[in-house]
Amino acid sequence: MIDESRPIFMQIAELIENDIVDGALAEESQVPSTNEFAAFYRINPATAAKGVNRLVDEGILYKKRGIGMFVANGARALLVDRRREEFFRQYVQPLAREARKLGIGKEQLAQMLSRSETETETTERSVAQ
Amino acid sequence: MTDPGESTIIEIRNVTKRYKDTTALDDVSLKIDGGKIYGLLGRNGAGKTTLMSVLTAQGFQTSGEIRVFGEPPYENDRVLSRICFIRESQKYPDDFNAEQAFASAALFFSNWDKAFAQRLADDFQLPLKRRIKKLSRGQLSAVGVIIGLASRAELTFFDEPYLGLDAVARQIFYDRLVEDYSEHQRTIILSSHLIDEVANLLEHVIVIDKGKIMIDDDAEAIRGSAFTVVGTGTRVAAFTAGREILHRESLASLASVTVQGRLSEAGRAEAAELGLEVAPVSLQQLIVRRTMDPGPELSMNGAATELEVSP
Amino acid sequence: MNRIVNVARMQLINKWTFLGIPAVILAGAFLVTYLIWVLIPDGGPTVYSGAAQAVMWYFLALGIQSLTLTFPFSQAMSVSRRTFYIGTVGLFAVVALAISVLYYILGLIEVATNGWGQNGQLYALGWVAGSHAVVQILFYFIAMLALFMVGFWFATIYKRWRATGMLIVWIAIALVLLGLVALTTWQGWWPAVGAWFVAQTPLSVSGWVALFCAALAAGSYLTLRRAEP
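Chains A, B and C are the protein sequences, given in the same order. Start counting the first sequence at 1; every next residue gets the next number (the numbering used here). Start counting the second sequence at 1; every next residue gets the next number (the numbering used here). Start counting the third sequence at 1; every next residue gets the next number (the numbering used here).
Be aware that a few hints might be false.
One side of the interface only, derived from the structure: several residues of chain B facing chain A at Cβ under 8 angstroms [stated by the list, open to error]:
no., residue
1, A169
2, I172
3, Y174
4, D175
5, V178
6, E179
7, I195
8, N200
9, L201
10, E203
11, P280
12, V281
Heads up, simulated DSBU-like pairs for lysine-lysine below, C-alpha to C-alpha not over 30 angstroms straight-line [said to hold, decoys possible]:
no., chain 1, residue 1, chain 2, residue 2
13, B, K91, C, K15
14, B, K114, B, K91
15, C, K159, B, K133
16, C, K15, C, K159
17, B, K114, B, K134
18, B, K212, B, K31
19, B, K91, B, K212
20, B, K114, B, K129
21, C, K15, B, K114
22, C, K159, B, K91
23, B, K20, C, K159
24, A, K64, A, K50
25, B, K134, C, K15
26, B, K133, B, K91
27, C, K15, B, K133
28, B, K134, B, K91
29, B, K91, B, K20
30, B, K129, C, K15
31, B, K20, B, K31
32, B, K212, B, K20
33, B, K133, B, K114
34, B, K20, B, K210
35, B, K210, B, K91
36, B, K31, B, K210
37, B, K134, C, K159
38, C, K159, B, K210
39, B, K31, A, K50
40, B, K129, B, K91
The set of hints was computed from the structure by calculation and includes no laboratory data. Even glycine gets a Cβ: it sits at the ideal position worked out from N, Cα and C.
Only chain A is shown next, with the shape it has when bound in the complex (with noise of 0.2 angstroms):
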C-alpha cells in the first residue's frame, strides 16, 4: 500500500486513480473523505487532504459544498489519456530501444506481442482450473 519510495500524497492520489480507471470509482459517485482516507491508510489527514486536492486541482474530482468529493464527469477517459501517454513513455520506447538493440524487427515484436498474449492467458486459465 503505502511505500517509502515516494511521498505519500501523491500515492493517494495514484490509488483513487486506479479506482476510477478500473471502475470500482464510477463517474459522479462520492469518494470516501480525507479523514476516512487518514484513517484506513493510517496517515496524517492534512497529507490525505493533499492527495485529493490534487485530483481537485486536476479536475478529476470536484467538491459538492457541505456533501462532499465526487468523481468528476469525463475522469475516467482523462486517466486513460495520460496513463497511455505514460505506458508509451514508460514501457514502449525502452521496448523499441531494446528491440531495435537486438535487431528484432516491427513483425517480429508484433508477433511476440500475440505470443505473449496466448502464453498470458495460458497461465491464467490453468491458474484458475
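Based on the hints, put chains B and C in the right spot on chain A.
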C-alpha cells in the same frame, strides 16, 4: 478553541540547557506552526524530553528565549492553560486512581471530553478504580495517553507515549489520534524513537541529536530524499562517485550504499544499466544513517572484504 | 483565581487525604485516649494526653506529599507554580482553621464535662486554655501551619537539591543550634533565656511561630519557583 491555523505558535531562539556535565540542548532555534502533527524524533537522550520540558516551562533553559502563543510560558497560566504535556515518567499523587486523575484533568483542561476519556479507557482496558501506583507500565502509559487525547489542548505533547504498550494498544493510540485530530485540529508534538510506527502520521518532522536540531522539514519532503543502491562493489562505487554518501556496507564483493538526494529518471536508468538495485530508504533508516558515521570508504578497484556490522 | 480554586478542588478529589484521614486520626486519638482513661483507676490528679497532636504530625507528612507527588502532577495539569502554591497552602490553611475551631470547641466541652467525666485533659491544655478564644484558635492554627510548612519546605529542598541539599540543610541547622548553645553558655545567658521562655504567653508564641511560618512560606515559594517536576 481559537483558529488552529498555520501561524507560528512556538518560537525559540538560541536555547541551551546544561545539566552538570552534559549539554542537553545546544543553541537550539526553532519555529513550530499551529494545526499540524509534528514528530520530535531522535535517540534516547538526544534531548527530546528536555526540549518539551522547557517549551512547557516545566523545566528551565540555561539561556535563550522561548515564546509560546506569543508569550514566555514560565509562570504564565494564560499560556499554560492551552498546553497539555504528560511526561513519559509522569508522577501521580500516591492515592489517586485513573478516574481521579481524569477528574483532575477535567478541572484544568477546558476542552476535556469525559465521554471520549471513558471510551479510550475501555479501548485500553484500563482499570479505572485501581490505584495508579499499582498499574503496570503499559497501563500507566495509557493514563497519560488518555489525558493527552481527551484534554484536546491546543498544543498537546506526547512524550514516548507507548512505553509498555503492546502492539495492539499502540495501534489503538495511533488510530484514535488520527481520528480525533481529523475532527479536532490542534497542534500535536509526538516524541518517539519508534520512527517507523509513527512516520505516516506526521506532517512535519524534527530530528534532534545530541542536543542539536538535525532535520526540520515536511515529512513529505523527506520521503524519498535518500535511496540505497546495492550491487557489485566496483559498480556501486562508480555510480555513487560524487554523490553525498550517508552509509556504506559491504559483504564480500557486494556493496550497499545509502545516498542522500532524489534519484532522477536518468539516474534510475543508469543504475539499471549497471545492474544495480535501487531501494527506497525509510524515515527511520534515514535518521539512523544521518546520526551515524558513514563507514569506511569503498575502493574503486574492489570492495572492502571485512564484514561490517549493520546497525 | 479560578485555577487556584481548582488546585484546591484537585487536592480534595481524594476526600481521604485532606478530610478523611485527619477525621479518622482525630476520632481515633480521642477514642484511644478515652479508653485509657476509663481503664486507669480514677481518683488521681488530672491526666494529661498529647494524643491531640497526632493530627498535627499528619500535616507534616501531608506537606511532604503535596510537594513530592501533587506538584509534579499539577505541572502535567498545566498549572503554574504560583497557582499550585497558593491553591495548596490556601486549602491547607482553611482545613487547619477548621480543625483549630474544632479543638477550641472540644476544649470547651472538655472543661464543661470535667474532662469527659474522667478528669482528663486532651484539648483544653492548661497553658493555652486560659487564653481568649481567638488566641486559642490562632495558637492551634499557627502550630499546624508551621508543621505543614516545615514538611513542604523540606520537600522543596529535597526536590531541587536532592539528598545533598537535605544534608547541607541539616548540617546548617545543627551548626546554628550548636552555635547558639555555645554562645549562650559562653556569655552566661542561660538564666536570661530561661526567664524569656517562662515569660512567653500563647499569644507571643503564636507570634514567633507565625514569623517562622512566614519565613518558611517565603523560602518554600522561592525554592518552588525554580523546582522541576
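Right, here's what the structure says about each hint:
1. A169: violated (15 angstroms)
2. I172: Check failed: Cβ of I172(B) comes no nearer than 12 angstroms to chain A, outside 8 angstroms.
3. Y174: holds (6 angstroms)
4. D175: holds (7 angstroms)
5. V178: This hint holds: V178(B) lies near chain A, its Cβ roughly 5 angstroms from the closest one there, short of 8 angstroms.
6. E179: holds (6 angstroms)
7. I195: Violated, because the Cβ-Cβ distance from I195(B) to chain A comes to roughly 11 angstroms (cut-off 8 angstroms).
8. N200: N200(B) check passes; min Cβ-Cβ to chain A is 5 angstroms, inside 8 angstroms.
9. L201: With a minimum Cβ separation of about 5 angstroms from chain A (threshold 8 angstroms), the hint on L201(B) holds.
10. E203: holds (5 angstroms)
11. P280: holds (4 angstroms)
12. V281: holds (7 angstroms)
13. K91(B) - K15(C): holds (20 angstroms)
14. K114(B) - K91(B): holds (22 angstroms)
15. K159(C) - K133(B): holds (20 angstroms)
16. K15(C) - K159(C): holds (26 angstroms)
17. K114(B) - K134(B): holds (23 angstroms)
18. K212(B) - K31(B): holds (14 angstroms)
19. K91(B) - K212(B): OK: K91(B) and K212(B) at ~28 angstroms, within 30 angstroms.
20. K114(B) - K129(B): Holds, at about 16 angstroms.
21. K15(C) - K114(B): Distance ~21 angstroms between K15(C) and K114(B) Cα, so the pair holds.
22. K159(C) - K91(B): With a Cα-Cα distance of about 13 angstroms, the restraint between K159(C) and K91(B) holds, given a limit of 30 angstroms.
23. K20(B) - K159(C): Between K20(B) and K159(C) the Cα gap is close to 16 angstroms, so the pair holds against 30 angstroms.
24. K64(A) - K50(A): holds (17 angstroms)
25. K134(B) - K15(C): Holds, at about 20 angstroms.
26. K133(B) - K91(B): It holds: about 9 angstroms lies between the C-alpha atoms, which stays within 30 angstroms.
27. K15(C) - K133(B): OK: K15(C) and K133(B) at ~18 angstroms, within 30 angstroms.
28. K134(B) - K91(B): It holds: about 13 angstroms lies between the C-alpha atoms, which stays within 30 angstroms.
29. K91(B) - K20(B): holds (24 angstroms)
30. K129(B) - K15(C): Holds, at about 15 angstroms.
31. K20(B) - K31(B): Holds: K20(B) and K31(B) sit about 28 angstroms apart, inside 30 angstroms.
32. K212(B) - K20(B): Since the Cα atoms of K212(B) and K20(B) sit roughly 18 angstroms apart, the hinted pair holds (cutoff 30 angstroms).
33. K133(B) - K114(B): Holds, at about 22 angstroms.
34. K20(B) - K210(B): holds (16 angstroms)
35. K210(B) - K91(B): holds (26 angstroms)
36. K31(B) - K210(B): holds (19 angstroms)
37. K134(B) - K159(C): The hint holds at about 23 angstroms.
38. K159(C) - K210(B): holds (26 angstroms)
39. K31(B) - K50(A): holds (22 angstroms)
40. K129(B) - K91(B): holds (17 angstroms)
Comparing the model with each numbered hint stated earlier shows that hints 1, 2 and 7 do not hold.
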